[in-house]
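Start from chain C and add chain E according to the hints.
Residue numbers (our numbering), protein chains in the order written: chain C, 11 to 562; chain E, 11 to 562.
Each hint should be verified, as a subset may be incorrect.
Since copy identity is lost for identical chains, a pair holds within one copy or between any two.
[Unchecked claim] Straight-line alpha carbon distances no greater than 30 Å define the calculated DSS-like cross-link-like pairs of lysine-lysine that follow:
no.: 1; residue 1: Lys322; residue 2: Lys284
no.: 2; residue 1: Lys538; residue 2: Lys560
no.: 3; residue 1: Lys75; residue 2: Lys145
no.: 4; residue 1: Lys541; residue 2: Lys116
no.: 5; residue 1: Lys326; residue 2: Lys391
no.: 6; residue 1: Lys352; residue 2: Lys342
no.: 7; residue 1: Lys116; residue 2: Lys393
no.: 8; residue 1: Lys391; residue 2: Lys121
no.: 9; residue 1: Lys185; residue 2: Lys114
no.: 10; residue 1: Lys332; residue 2: Lys233
no.: 11; residue 1: Lys370; residue 2: Lys342
no.: 12; residue 1: Lys513; residue 2: Lys121
What the hints contain is simulated information worked out from the structure, not anything from laboratory work.
Since we're looking at a predicted model, the values are computed, not measured.
Protein chains: 2
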Amino acid sequence: MNFKKSDLIFLPVGGSEEIGMNANLYHFNDRWILVDLGISFPDETDLGIDVLLPDFEFIKSLGDKFLGIFLTHGHEDHIGAIPYYADNINCPIWGTHFTIALLKRKLNENKKGNHLELNILNVNEEIKVGDFLVKAIETSHSIPNPISILISTTAGKVFHSGDWKLQHSNNLDEKMDFENYRSVGRDGVLAMVCDSTNALVEGRTPPESFAYDGLLDEIQNRKNIVLITCFSSNISRIKSLLDIAKKTNRSVVIIGRALLRAIDAAREVGFINKMPDFVSLKDINLIPKSNLLIICTGSQGEPNSALSRISKGIDKHINLMKGDTVIFSSRKIPGNENAISKVQNRFLEQGVEIVTDDEKNIHVSGHPSRDELIDMYSFIKPKISIPVHGTRDHIDAHSVLASDCQVPLVIKPQNGQFIRLNGSSQGVVSKIDFTTHVYDAGEVIPINNERFTIRRHGLWNGYVSISIVLNENGDLLISPQITQRGVSDDDNVSSLIADIAIKIEEFIDNYNFSLNDSDNRLSDQISKLVKREFKYSFSKRPIVDIHINKVE
Amino acid sequence: MNFKKSDLIFLPVGGSEEIGMNANLYHFNDRWILVDLGISFPDETDLGIDVLLPDFEFIKSLGDKFLGIFLTHGHEDHIGAIPYYADNINCPIWGTHFTIALLKRKLNENKKGNHLELNILNVNEEIKVGDFLVKAIETSHSIPNPISILISTTAGKVFHSGDWKLQHSNNLDEKMDFENYRSVGRDGVLAMVCDSTNALVEGRTPPESFAYDGLLDEIQNRKNIVLITCFSSNISRIKSLLDIAKKTNRSVVIIGRALLRAIDAAREVGFINKMPDFVSLKDINLIPKSNLLIICTGSQGEPNSALSRISKGIDKHINLMKGDTVIFSSRKIPGNENAISKVQNRFLEQGVEIVTDDEKNIHVSGHPSRDELIDMYSFIKPKISIPVHGTRDHIDAHSVLASDCQVPLVIKPQNGQFIRLNGSSQGVVSKIDFTTHVYDAGEVIPINNERFTIRRHGLWNGYVSISIVLNENGDLLISPQITQRGVSDDDNVSSLIADIAIKIEEFIDNYNFSLNDSDNRLSDQISKLVKREFKYSFSKRPIVDIHINKVE
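Bound-form chain C, shown alone (with noise of 0.2 Å):
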């Protein structure tokens, strides 16, 4: 690696020119930390996986160099990643008391971590470790607790935003002083890591009264069920709702475990003082339908979610019908568009009536627009920006706004490049190849595994299985057994099979095993022959298996 040990280095694992899997390393006097460690979910062209992870073998090729974890917020795509990696984390992790809250109940649910030390990170608290001075800055997000961070060494400070907005939540206590801010600048800030995610969003993010409002006004004049789908951890949404059930007489029910482990985090930290009397599903049916107010999971059309359920008319509790409304609370992830159209139509068929972001002003994003990016820049007047946290469009666009922000040096960053921060040629030093992770069948392993291929191989071809029994001799006791799953329907493949049966009898009967010792020659070429009638017949490849059993 092309740098030296004095050097202040960043090295974003994840997260650069991606949406999700945040992993950011700092490194300075032969040290490491890292700030977050996210998930990230797999789009229309990752089929068959479940959760992107970051590629964690360079931070574990670190051993006893790597100092510590700081957690800028409690979102999967900040923290997820960590029961994932629990075991091979051996270092302290930091995070403010509700991070920490969430995270303990994540841990908890996997069974993992439970050797982790977890430390509450208070903010305007300083941390020494190493040679950093880490020190946690209050900001706003869509999630209680966020902070930014600021990292302080010899060789220069940088500042690490996190995800954050200038408009605070009332509900939350949030209390954005842009002194703090300020004063961070007026110290001499080397770098800013910051927030792209809304860098090609005009004007300022409206605060979450904004969206309280907006709630308000939607649902105060319904006469039927209402409900609502939101992000579990967004704690100030979920505060607005109870507080507008209250005021509109409405009963409050709640679907969904990733909304129940937030509310539970939330009451532990004191962002939500009583838990209040929710309903439970099987007493649904006593409520009248207009003191109802339903908030659900799902907002993202996952198929497995009760939200899908209920709109296919197939949940055990819940069946919506004209007159009731389903309220979308929350923003359409790219990507998600069709599960989530797909959702709405089945409620719209069924005469439930569907409002969105679209039209009515009943979401807030906790990301800073172009606005709030040019103050946070006026306040900490770095030398050098590094945009994260985007695709290449939002970072493209944050570089140029930093650039007419007077920033000396703008740095885009990608997944592995050693950029130097300090000294006289700031820059890219160094690189290395991070694959993303995923985890599957109980471990982590590099995306391109060959099992995923195999299975997208089956996917669209389906499977064979064949079972052939030969004496010593080299002679068929009995007719080769040949199963077929998802090739096509058994009917129509059941006179191919039979071929096939002929086909192999034949093969074998002429198959000279004193030249051909090995079984594997022997299913090879049937598999080529099995393989060829499949394709000819159905135009499939299937995956064929078969099975030499030799009897003595």
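Just chain E now, with coordinates in the frame of chain C:
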């Protein structure tokens, strides 16, 4: 069915509340005609499926009461299902020159439809089919030779717009004479069935010359290779590009079978007079980079396209690098955003510049924006408006617009609804359930066929096959053979597989064959045992195939 033989009925088979699969039936005097028969493409929720087709069962059931198919233009979502259903089509098909030229090529490639009667329908020509009089009205779209269709009956006239815009393409010699539309309107139109694609877009859709100017602007100052990807049937765009190539002294390379098919059809029909001298791929290195213009399919990020291959740097002939440019002269079809962005990011990583219609005027839509819809309502003045060709959002917006245009009755159709257009009680009189079909393993089957459930289960869980050899007493003759595909890595599962083999042996040793004489029962029980083990060790529920081989 709740209607009379003399009723004029509109029955959408596909394309209402969905994008694609346009297929619309009309009934009058106990006879039926169909306008268009298109396909659609699966979204991220339709795993393992290549193509979606409208339900043809009802049409098949009509027998010789089904008199003919009229095609408005040659796009896949209007003609694409014909090869799949060709064997079931016994009536004539009408379309304009280019539409029929394209259809012929598609049928030839699929070796289908030799028996079909394909008729050229000229603009302003009238065809009498049963008691329908069908007239082709010239329009403009993003493919040559599009038409609207005027269907006249003694019960009233229907103006079926097809896909259209009011701005013509100069280079396709389109003569958009609004007087045509006005005269249709003056004769009295009962119902207009009309394109809703851009019902949410304000203003007017620009003409092709707008894209021409933008592309010329982009291309003329580039010093290296320019590659442009566009929809293959957009002959007007391709003619623009051939013209720009000439102006900018570039030789043209065409990549993609669909492009070559469309260009060949355009040449046959006379839209391209003289086939230009395309550079063959193998000669590409003989041309200086500044003199190359590559036109290529793959604008939607299709993983198997040449463009995707080029973006990965694994194409045999084309290797783009810093200084080269890739222009996406197309829109993003919703649902393809991630696939497109992956292709674009790969180019960007290699320093190749990407130009899209987000920031440059290099693409125009083929559909009418709101002001054009308003114009069309003022021309046609229908008594009934039926917005089709769009999702529910588009159809809702179009409905409001139609009402604002003083159309007395607006009917939002759903696939399967029999909508009576004549008489006093106009509207939905009956409904049948249509199921989306798909083409798989050489046959057209309903989308809910069980094979897809099996394959999707396999996509997450993999497959296990087991063969067991028993003698007539039920004694195992050799150890069970167990193999897995895609559950995990072979190394990971080898010890579990050894354990399972022993457990199966024990199970069979203790199995009472005299009480349980069915092989199925034995294999069910072994299957349960195997699934339990994989669930416990790998959190997977593989598909398990068991062969019980009994040797006498």
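Results of checking the hints against the structure:
1. Lys322 <-> Lys284: Result: close neither inside a copy nor across copies, 34 Å intra and 56 Å inter.
2. Lys538 <-> Lys560: For Lys538 and Lys560, both the intra-copy (21 Å) and inter-copy (26 Å) Cα distances are at most 30 Å.
3. Lys75 <-> Lys145: within (20 Å within a copy, 79 Å between copies)
4. Lys541 <-> Lys116: between (46 Å within a copy, 27 Å between copies)
5. Lys326 <-> Lys391: neither (56 Å within a copy, 49 Å between copies)
6. Lys352 <-> Lys342: This pair counts as both: shortest intra-copy Cα distance 13 Å, inter-copy 19 Å.
7. Lys116 <-> Lys393: For Lys116 and Lys393, the Cα distance exceeds 30 Å both inside one copy (38 Å) and across copies (60 Å).
8. Lys391 <-> Lys121: Answer is neither; intra-copy 44 Å and inter-copy 68 Å both fail.
9. Lys185 <-> Lys114: For Lys185 and Lys114, only the intra-copy Cα distance (26 Å) is at most 30 Å; the inter-copy one is 70 Å.
10. Lys332 <-> Lys233: Intra 11 Å, inter 61 Å, cutoff 30 Å: intra-copy only.
11. Lys370 <-> Lys342: both (14 Å within a copy, 25 Å between copies)
12. Lys513 <-> Lys121: between (53 Å within a copy, 28 Å between copies)
In this structure, the hints that do not hold are numbers 1, 5, 7 and 8, in rising order.
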